[in-house]
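Protein chains in written order, with my numbering: chain Y, 1 to 111; chain S, 112 to 226.
For the record, the hints were derived by calculation from the structure and aren't laboratory data. Be a bit skeptical, because a hint or two may be false.
[Stated by the list, open to error] Below, computed lysine to aspartate or glutamate pairings styled on EDC-like, alpha-carbon distance capped at 20 angstroms:
hint	chain 1	residue 1	chain 2	residue 2
1	Y	77	Y	8
2	Y	110	Y	15
3	Y	98	S	155
4	S	182	S	118
5	Y	98	S	163
6	Y	49	Y	64
7	Y	22	Y	66
8	Y	98	S	167
9	S	122	S	189
10	Y	98	S	179
11	S	125	S	174
12	S	168	S	155
[As the list claims (entries may be wrong)] Some chain Y residues well away from chain S (every beta-carbon gap over 12 angstroms; in silico):
hint	residue
13	13
14	69
15	82
16	108
17	111
Backbone N, C-alpha and C define an ideal beta-carbon position, used for all residues, glycine too.
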Amino acid sequence: AQSVAQPEDQVNVAEGNPLTVKCTYSVSGNPYLFWYVQYPNRGLQFLLKYITGDNLVKGSYGFEAEFNKSQTSFHLKKPSALVSDSALYFCAVFGGFKTIFGAGTRLFVKA
Amino acid sequence: DTGVSQDPRHKITKRGQNVTFRCDPISEHNRLYWYRQTLGQGPEFLTYFQNEAQLEKSRLLSDRFSAERPKGSFSTLEIQRTEQGDSAMYLCASSFGLAGAYEQYFGPGTRLTVT
Chain Y
1 AQSVAQPEDQ VNVAEGNPLT VKCTYSVSGN PYLFWYVQYP NRGLQFLLKY
51 ITGDNLVKGS YGFEAEFNKS QTSFHLKKPS ALVSDSALYF CAVFGGFKTI
101 FGAGTRLFVK A
Chain S
112 DTGVSQDPRH KITKRGQNVT FRCDPISEHN RLYWYRQTLG QGPEFLTYFQ
162 NEAQLEKSRL LSDRFSAERP KGSFSTLEIQ RTEQGDSAMY LCASSFGLAG
212 AYEQYFGPGT RLTVT
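Chain S on its own, in the form it takes in the complex (with noise of 0.2 angstroms):
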């Protein structure tokens, strides 16, 4: 199977520790993007990159986080110093192309708890 992969599918966490997700994009994808999915609600965008370049971030997002995408390759996500309003799905995507106009194929995400 050549989709989008997310390691690990479920993590809990207590409240004040780091975790970090990985995400494996379809290989010829240039895009990919992280967002976070909570109960009831639709992803909300955290950030994107295009290659290696992270090219957008929510200004939503705490400083407590932060993703790379060394080489164009897979992506991390780093959550420093949990907090329990962490607690949500994280989901990858990816797409092809230099605009908005491709759909983006999503992984399965990583469930986070924090205790």
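Only chain Y is shown next, with the shape it has when bound in the complex (with noise of 0.2 angstroms):
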């Protein structure tokens, strides 16, 4: 069965340090994986995700993540932190006709 863990329950970082927000993932055949945000008193939306291709790939607000098969892990990436992205981050897998939702990671950027 697939599965996501996010084993940070919440990351300290200042604004204008890189940050990076951790995710493991465990799916059978080829991995879809998504990261999510949900700011407060907003919905969920899409920030990126992985299909196929090139490991490193960009989404929006600056935000990159990191797919490394061996390590089956889909790290978030920003080079620069603002206090904006302080949020509630979520990976995701698709696997089995269902998308999984890891618990989340809240970021918190201090100015």
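Using the hints, put the two standalone chains together into the complex.
So, in structure tokens, the structure goes:
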């Protein structure tokens, strides 16, 4: 059965510093991987996805993610964090006809 | 705005009552999903439709839950004989395409409180 793990409940980073939000997955076959963001009082928004091809995918708001097949990871990254990036981030994997979401990682960017 | 809409946004009901939620997806999207989200957790898959056909339903889903998508447009999620454990945010999402490679667009959710 497919699963997603986000090992950190919260990530704290100073504005201007690089950030990483971790995600590992388990799925049979080729994975379809996604990152979504949830701002307070707003619905989940799509950030980026990996389907096939280049292991480094770029998405909205300057975010990118690196697919690592050997480590079954899909970590979300941004070179320079903004206070406005503070939100709840979800990693998700599609497999077996449905999408499974991780428990989420709260990102807090301090000015 | 042509995003996914959900109605109502909030619902307070007494235990044992039935509730029904509506979701209007993005018009050209053929896939529609229902999720449940509780505090501190990610969205939990409930069911999904491709056009009007319900193709998958979570095995964790009680028989008190039922969903429909007549004519492949809007969808309704009904919970019968609500229990306090049903209190959660119910999310609807839609996507385009016949496979899971396409991102989902989420509505604002319906927050259900069962007293």
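Evaluated hints:
1. Distance restraint check for residue 77 of chain Y and residue 8 of chain Y: the Cα-Cα separation of roughly 14 angstroms lies within the 20 angstroms cut-off, and the hinted pair is therefore satisfied.
2. For the hint pairing residue 110 of chain Y with residue 15 of chain Y, the CA-to-CA distance comes to about 6 angstroms; that is within 20 angstroms, so the pair holds.
3. Under the criterion of a C-alpha separation no larger than 20 angstroms, the hint pairing residue 98 of chain Y with residue 155 of chain S is consistent with the structure, at around 10 angstroms.
4. Straight-line distance between C-alpha atoms of residue 182 of chain S and residue 118 of chain S comes to about 19 angstroms, which keeps the hinted pair within the 20 angstroms bound.
5. Under the criterion of a C-alpha separation no larger than 20 angstroms, the hint pairing residue 98 of chain Y with residue 163 of chain S is consistent with the structure, at around 17 angstroms.
6. For the given pair, residue 49 of chain Y sits about 9 angstroms from residue 64 of chain Y by alpha-carbon distance, which is consistent with the 20 angstroms threshold.
7. Among the hinted pairs, residue 22 of chain Y with residue 66 of chain Y is consistent with the structure: their alpha-carbon atoms are about 10 angstroms apart, no more than 20 angstroms.
8. Using a Cα cut-off of 20 angstroms, the hinted pair residue 98 of chain Y and residue 167 of chain S holds, with the two alpha carbons roughly 8 angstroms apart.
9. Restraint check for residue 122 of chain S and residue 189 of chain S: the C-alpha separation of about 13 angstroms stays at or below 20 angstroms, so the hint holds.
10. In summary, the hint linking residue 98 of chain Y to residue 179 of chain S is supported, as the alpha carbons are separated by about 18 angstroms, within the 20 angstroms threshold.
11. As the CA atoms of residue 125 of chain S and residue 174 of chain S are separated by approximately 19 angstroms, the hinted pair is consistent with the 20 angstroms bound.
12. The straight-line distance between the Cα atoms of residue 168 of chain S and residue 155 of chain S is roughly 11 angstroms, inside the 20 angstroms bound, and the hint therefore holds.
13. Look at residue 13 of chain Y: its CB is around 21 angstroms from the nearest CB on chain S, clear of 12 angstroms, so calling it non-interface holds up.
14. Once the 12 angstroms rule is applied to beta carbons, residue 69 of chain Y is consistent with being away from chain S; the minimum gap is 17 angstroms.
15. At the 12 angstroms boundary, the C-beta of residue 82 of chain Y stays outside the reach of chain S, the nearest C-beta of that chain being 23 angstroms off.
16. Taking the minimum C-beta to C-beta distance to chain S, about 15 angstroms, the non-interface status of residue 108 of chain Y holds against the 12 angstroms cut.
17. At roughly 26 angstroms from the closest C-beta of chain S, the C-beta of residue 111 of chain Y stays outside 12 angstroms, upholding its exclusion from the interface.
When held up to the earlier numbered hints, the structure conflicts with none and fits them all.
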